[in-house]
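4 protein chains.
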Amino acid sequence: MAEIGVGLVGYKFMGRAHSNAYRQVARFFEVDPAPRMMALCGRDEAGVRAAAQQLGWEGYETDYHRLVARDDIGLVDVATPGNSHKEVVLAALAAGKHVLCEKPLANTLDEAREMLAAARAAGPGVVTMVNFNYRRVPAVQLAQRLIANGTLGEIRHWRAVYLQDWINDPEFPLVWRMKKELAGSGALGDIAAHILDLAHFIVGPVAEVVGTMNTFIKERPLEVASGGGSGLTAEAATEKGPVTVDDATTFLARFASGATGTFEATRLAPGRRNYNSFEVNGSNGSLVFNLERLNELRVFLADDPEGMQGFRTINVTEPAHPYTGAWWPAGHILGYEHTFVHAIKDLLDGIKAGTSPAPTFEDGFRCQAVLDAVERSVDSGSWEKPAEA
Amino acid sequence: MAEIGVGLVGYKFMGRAHSNAYRQVARFFEVDPAPRMMALCGRDEAGVRAAAQQLGWEGYETDYHRLVARDDIGLVDVATPGNSHKEVVLAALAAGKHVLCEKPLANTLDEAREMLAAARAAGPGVVTMVNFNYRRVPAVQLAQRLIANGTLGEIRHWRAVYLQDWINDPEFPLVWRMKKELAGSGALGDIAAHILDLAHFIVGPVAEVVGTMNTFIKERPLEVASGGGSGLTAEAATEKGPVTVDDATTFLARFASGATGTFEATRLAPGRRNYNSFEVNGSNGSLVFNLERLNELRVFLADDPEGMQGFRTINVTEPAHPYTGAWWPAGHILGYEHTFVHAIKDLLDGIKAGTSPAPTFEDGFRCQAVLDAVERSVDSGSWEKPAEA
Amino acid sequence: MAEIGVGLVGYKFMGRAHSNAYRQVARFFEVDPAPRMMALCGRDEAGVRAAAQQLGWEGYETDYHRLVARDDIGLVDVATPGNSHKEVVLAALAAGKHVLCEKPLANTLDEAREMLAAARAAGPGVVTMVNFNYRRVPAVQLAQRLIANGTLGEIRHWRAVYLQDWINDPEFPLVWRMKKELAGSGALGDIAAHILDLAHFIVGPVAEVVGTMNTFIKERPLEVASGGGSGLTAEAATEKGPVTVDDATTFLARFASGATGTFEATRLAPGRRNYNSFEVNGSNGSLVFNLERLNELRVFLADDPEGMQGFRTINVTEPAHPYTGAWWPAGHILGYEHTFVHAIKDLLDGIKAGTSPAPTFEDGFRCQAVLDAVERSVDSGSWEKPAEA
Amino acid sequence: MAEIGVGLVGYKFMGRAHSNAYRQVARFFEVDPAPRMMALCGRDEAGVRAAAQQLGWEGYETDYHRLVARDDIGLVDVATPGNSHKEVVLAALAAGKHVLCEKPLANTLDEAREMLAAARAAGPGVVTMVNFNYRRVPAVQLAQRLIANGTLGEIRHWRAVYLQDWINDPEFPLVWRMKKELAGSGALGDIAAHILDLAHFIVGPVAEVVGTMNTFIKERPLEVASGGGSGLTAEAATEKGPVTVDDATTFLARFASGATGTFEATRLAPGRRNYNSFEVNGSNGSLVFNLERLNELRVFLADDPEGMQGFRTINVTEPAHPYTGAWWPAGHILGYEHTFVHAIKDLLDGIKAGTSPAPTFEDGFRCQAVLDAVERSVDSGSWEKPAEA
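Chains F, L, H and W supply the protein sequences, listed in that same order.
According to the numbering used here, the first sequence is numbered sequentially starting from 393.
According to the numbering used here, the second sequence is numbered sequentially starting from 393.
According to the numbering used here, the third sequence is numbered sequentially starting from 393.
According to the numbering used here, the fourth sequence is numbered sequentially starting from 393.
Since the hints were derived computationally from the structure, they do not count as laboratory data.
There may be inaccurate statements among the hints.
[To be verified] SDA-like mimics (lysine to any residue), calculated; alpha carbons at most 25 Å apart, straight line:
(1) K777(W) <-> E600(H)
(2) K777(H) <-> T607(W)
(3) K404(H) <-> E573(H)
(4) K610(W) <-> D695(H)
(5) K404(H) <-> R419(L)
(6) K777(L) <-> N682(L)
[As the list claims (entries may be wrong)] Some but not every residue of chain L turned toward chain F, in silico, with C-beta under 8 Å:
(7) L447
(8) H549
(9) V602
(10) G603
(11) R646
(12) T652
(13) L660
(14) M700
(15) F703
(16) W775
[Stated by the list, open to error] Here are a few chain F residues that sit away from chain L, every Cβ distance over 12 Å (derived from the structure):
(17) K404
(18) T500
(19) D696
Note that beta-carbon positions come from the ideal geometry of N, C-alpha and C, so glycine has one too.
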């Protein structure tokens with residue numbers, strides 16, 4: 393079995409999840425090449441050294457330029473905050489590496505466009521992928537197939553919410569995810585991006601949008617020793633500073649197909665820890681998904697006999713379902729991190745085949761373009777169309 | 393115990409539900425005056441005579457002018473399609489009767505304004521009410537109280553859907569509810585009106601909106617012997633005609649308070665029989681309601697101890713809950729029609745007190761004004777504000 | 393349309409529910425004869441007079457002997473505590489009346505046997521029925537049909553619980569339902585009787601049982617002004633007395649068919665207000681019911697395609713479902729009291745046809761015989777068979 | 393950081409789950425010693441060699457005697473079918489190794505007694521543990537704590553089911569799990585053992601039981617190339633053979649504390665893939681767990697204010713919850729295999745401390761003794777007490 397050397401940039405929340413995926417993928421799936429965890433990369437040497445050992449990397453680098461220059465590394469994985477995606481990805485592509493980029497592709501549409509151009513320029517032998525990991529929930533894959541194969545008929549409605557509450561406490565500090573210069577935007581780019589990507593995956597392209605963005609909590613305590621952590625936990629200082637991104641966003645969409653869509657993302661929904669949920673209604677059925685119960689898909693089929701119709705709750709853990717046969721027997725549920733393992737499985741298959749798997753950089757750009765249109769619509773108060781690549 | 397004579401106009405779906413309420417209210421609640429079911433009114437004599445007997449009315453009328461002229465009738469209840477609300481209500485008010493008007497108040501904003509003016513002109517002794525019956529689900533009352541008394545803190549988000557599927561079959565005929573001249577609008581005025589009224593009740597006034605309206609199924613078989621029925625069931629002819637109302641609508645809202653709102657109503661959501669559902673997020677908690685499980689309210693309180701937090705499902709059937717103590721012991725659930733009984737209970741209390749209970753004609757107008765703004769926003773492609781009364 | 397005069401004995405919890413059923417049945421169902429609510433019967437004249445007026449009865453009696461002697465009464469309904477069922481039913485049968493007897497048929501097996509004999513002796517023209525009302529939940533009817541028509545295949549397992557918590561507070565007083573001389577038994581005869589009757593209805597006869605009965609709270613405050621109320625609410629005195637019935641019972645069953653059964657009934661399950669729930673597993677599918685969501689039936693069909701299997705939640709409110717077409721459109725849910733209306737509908741049909749509808753007195757006896765076997769098994773510590781009639 | 397060499401016997405379903413735990417534990421938890429995956433053991437050399445590589449073991453052995461003799465191995469993990477547990481465990485203990493034994497401890501009570509004696513004789517420096525992994529679901533740990541710390545008050549009721557359907561198809565072949573000589577028993581020892589262990593963990597010792605065991609499908613196709621696989625999947629031959637274990641069992645229990653218990657385990661519950669569910673009722677509250685939604689615990693607290701009571705669904709994924717802080721942020725759910733990681737974490741802590749963590753061999757014996765009493769009660773038709781160690 394061939395191997396491919398992997399270099400991962402970033403070792404906080406996403407870095408941990410990506411590392412786990414590289415460790416696990418060949419234990420459960422047949423992959424060729426298998427990933428070899430060559431080096432973890434981060435600027436703080438003590439931190440990256442400890443993380444490399446903890447997470448199972450053979451070595452580490454403190455400068456991504458050195459990482460992308462290594463001959464023993466064929467795949468560069470970028471799992472840093474969005475403000476550094478572009479520079480690392482461009483360097484890796486320039487070095488001829490395959491690239492996995494954590495979502496969102498970039499913090500701005502211009503950056504995303506430049507990255508897409510670079511990926512295209514890199515030629516067919518260079519595989520690129522954006523890690524919208526929720527596409528690889530087995531239940532989400534099943535949902536997509538039921539629509540792609542026509543089971544649900546013509547799709548009329550998409551409605552999705554991504555609700556969290558981790559910053560509901562106004563004393564939660566001003567971490568990097570609340571600073572525009574680092575995160576690009578707040579709920580919009582972080583979590584609305586996920587449900588928008590799922591909409592693109594399941595329903596198709598969004599043609600125009602109109603929306604809102606709100607910052608309900610306008611200032612917060614500064615973070616003690618502000619760093620590059622996940623930003624999901626932090627210690628608060630006494631002094632306060634301004635929140636420069638949105639806590640919450642809502643938008644309406646018209647899909648190119650004619651379907652309607654509603655989207656809402658907020659970090660201020662008490663009790664909703666990580667509630668990424670969507671419903672689709674087609675002419676012949678409906679389906680409902682909720683990430684907090686990610687092993688389940690609820691499906692209604694209008695063709696079921698009269699009197700016997702109802703939403704069925706499919707426990708998506710069976711050999712007949714996407715990915716799940718590689719894990720455990722039916723009914724033995726999977727967790728959050730499995731989605732990353734599935735992504736790496738598909739990425740390695742793509743490298744083998746010389747084909748960039750979805751979500752591609754085009755998908756990443758398209759998502760960015762719609763988020764950009766949402767921001768423009770907030771300013772204009774009217775419907776806006778996403779830019780073309 | 394005093395009695396008040398009641399005359400009801402309309403005897404189809406709403407007429408049956410209102411009749412039931414008059415029959416039941418004094419059996420379960422203390423009311424003074426008690427309703428006396430004097431006359432049912434409809435144009436078709438055979439139909440109205442049979443219905444009067446079936447539904448428990450002492451007599452009937454075939455002309456609403458005669459009904460409103462009767463001395464033995466003190467309360468006129470208008471449960472016809474929206475296109476006749478104005479004329480009947482104005483006649484009843486002119487005759488000095490108390491008036492209950494089924495929602496929506498009218499098919500157009502101009503009609504609603506005229507009706508509101510008439511109600512105001514009728515003076516304090518004349519009690520008026522619009523029957524948005526879902527305000528009187530006990531769980532909805534509880535929801536409203538938890539917000540009114542500050543339990544949920546500052547309200548940031550409202551999201552509501554009203555999903556149905558009764559016209560999902562394209563062979564379902566072109567009943568009155570799909571004709572603009574009779575129904576005014578489709579999903580918008582029929583069911584979005586309900587969730588908008590609930591938003592007004594629970595969160596407060598909507599300040600501006602932007603939305604969509606869609607007619608996915610553009611023509612349908614004509615109805616055989618089209619009549620004044622509920623329009624929820626009908627027989628189809630071979631010939632087709634155009635659907636002139638929306639099947640579906642979505643809109644975003646900004647509340648006067650600064651909260652955001654999302655609304656969606658559709659009659660094309662397979663498997664959603666009567667799914668009127670809303671969620672509210674406040675700074676201190678959240679709540680979730682769903683009409684298909686109307687005896688339950690899900691509530692999250694951010695003040696619950698760490699590690700013990702979660703949405704609690706309250707079975708809203710206890711003596712401590714609104715209305716329910718009058719019915720059965722805790723856990724013995726109520727159904728759809730009970731909401732009408734509660735409305736009549738409150739209306740009779742209002743008549744006793746000489747005070748129009750909510751939802752008032754002002755509330756009905758305000759709802760109509762927002763629906764009107766939604767329609768305008770569809771045309772303009774921009775945010776629109778509701779008109780003032 | 394013919395009428396039948398009805399006399400009802402008892403006017404507390406069950407009396408209210410039965411009265412409602414007589415008032416409502418002809419408003420929603422076609423019945424012939426229609427019930428005429430002639431007289432309510434109770435020993436306390438002031439109480440029964442007020443109740444008769446409140447509940448819609450034309451008159452009242454204070455002595456059941458007078459009630460059963462009235463020529464204008466053709467149907468006697470016995471809704472008193474179990475200790476008086478036998479005497480009233482025997483008197484009514486002796487007078488040639490049709491009889492509806494609230495469950496359980498009697499407090500002891502000997503009484504039940506005597507009542508069954510009397511019903512049989514009364515001849516084919518006299519219709520009798522025991523009111524196990526939960527058979528008439530539409531979802532329960534649907535469950536029974538899916539088994540009777542073979543959809544679920546060979547039945548292997550029944551598991552049922554009836555959980556309540558209304559006496560969980562040890563300061564709740566010693567009402568009649570906790571006194572053996574009035575109630576016969578506690579959780580066993582009151583609520584285990586219900587799930588046992590459902591098992592008989594859905595799966596078939598129980599052949600043998602072994603069980604437990606427990607009285608966890610052994611004494612309670614006496615009731616202030618102890619009376620014939622429902623016993624579900626009461627005021628507590630300072631002095632205490634012994635609880636002489638069980639709070640809780642569990643038992644295993646072997647059905648005659650070879651299926652296994654588990655049963656549990658308790659009044660000490662905090663949070664379970666009225667949780668009557670069962671699950672059936674057959675060779676070809678499963679179904680799940682829960683009274684707190686009585687409008688739903690969850691059904692699993694093993695014949696659904698691989699990968700698309702799951703419990704479907706059927707909203708049992710459609711025209712295709714039992715009883716529900718007479719009420720409201722699909723998705724407009726029913727409540728607890730509707731089950732009584734359905735029972736009276738079927739009883740009146742039985743009177744028309746001259747056939748005693750199920751649950752018959754035989755069914756009532758069979759239920760009593762199994763409860764009796766449970767009590768014997770508690771003493772013997774071994775499996776016991778129910779007595780034959 | 394110190395290391396301990398691990399040798400694992402068995403590499404099918406349980407072997408895969410245990411291997412994963414050794415690979416993962418030090419990536420997420422601080423452990424000292426850390427496990428070093430020295431050797432996997434199995435009789436088929438080609439199979440064990442391939443598995444060792446797939447699962448991350450440094451080497452392999454084909455004879456457990458050689459495994460337990462190795463100096464570089466300090467911990468022997470026995471994950472074979474129950475019929476070989478005793479011999480391997482005794483050999484490992486004789487060699488002075490720490491031992492983890494997959495549940496059930498043994499196939500017979502006599503074997504379990506002998507193993508317990510050996511564990512006791514091995515002295516305090518030798519750590520032993522039985523792997524009832526479901527104790528280490530975070531929600532189960534939370535449940536146990538809420539009872540141990542008195543939150544739920546005096547416990548009155550335990551009811552548990554473990555429902556599966558993987559052999560519901562009568563054409564599923566006669567794998568080792570359906571042969572008494574290999575598996576000891578069927579649903580009883582395989583899955584009832586789990587819920588019994590949970591009952592012991594959460595409520596305390598069972599004092600007596602009475603039950604049933606059934607074999608509904610009495611013969612099945614032989615297995616093609618019958619082997620030591622998990623037995624959860626297999627290929628069927630044409631010839632049939634007799635099923636010698638139970639498909640299903642039910643039993644009642646009296647706990648030493650006075651609480652009542654009901655238990656049911658079956659492999660013939662269509663739609664229930666892996667439905668291990670229990671409910672506990674105490675004087676002050678209730679809780680409900682279901683393995684198919686293992687990240688959730690439903691808790692009812694009787695002290696919640698009147699009108700605000702309800703089962704709360706706790707998403708047991710927060711830093712405040714057992715184990716979960718080591719994984720991902722709140723709301724990012726865990727899966728089945730995480731329970732094994734938690735078990736190894738606690739085992740390694742026990743090795744560090746020189747203390748055998750629960751479930752100990754005493755716990756394993758106690759479970760076996762109750763299962764034995766269930767079997768005796770099936771023969772005697774009466775209540776039976778578990779043997780003492």
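Violated constraints from the hint list, given by number and in increasing order: 6, 7, 14, 19
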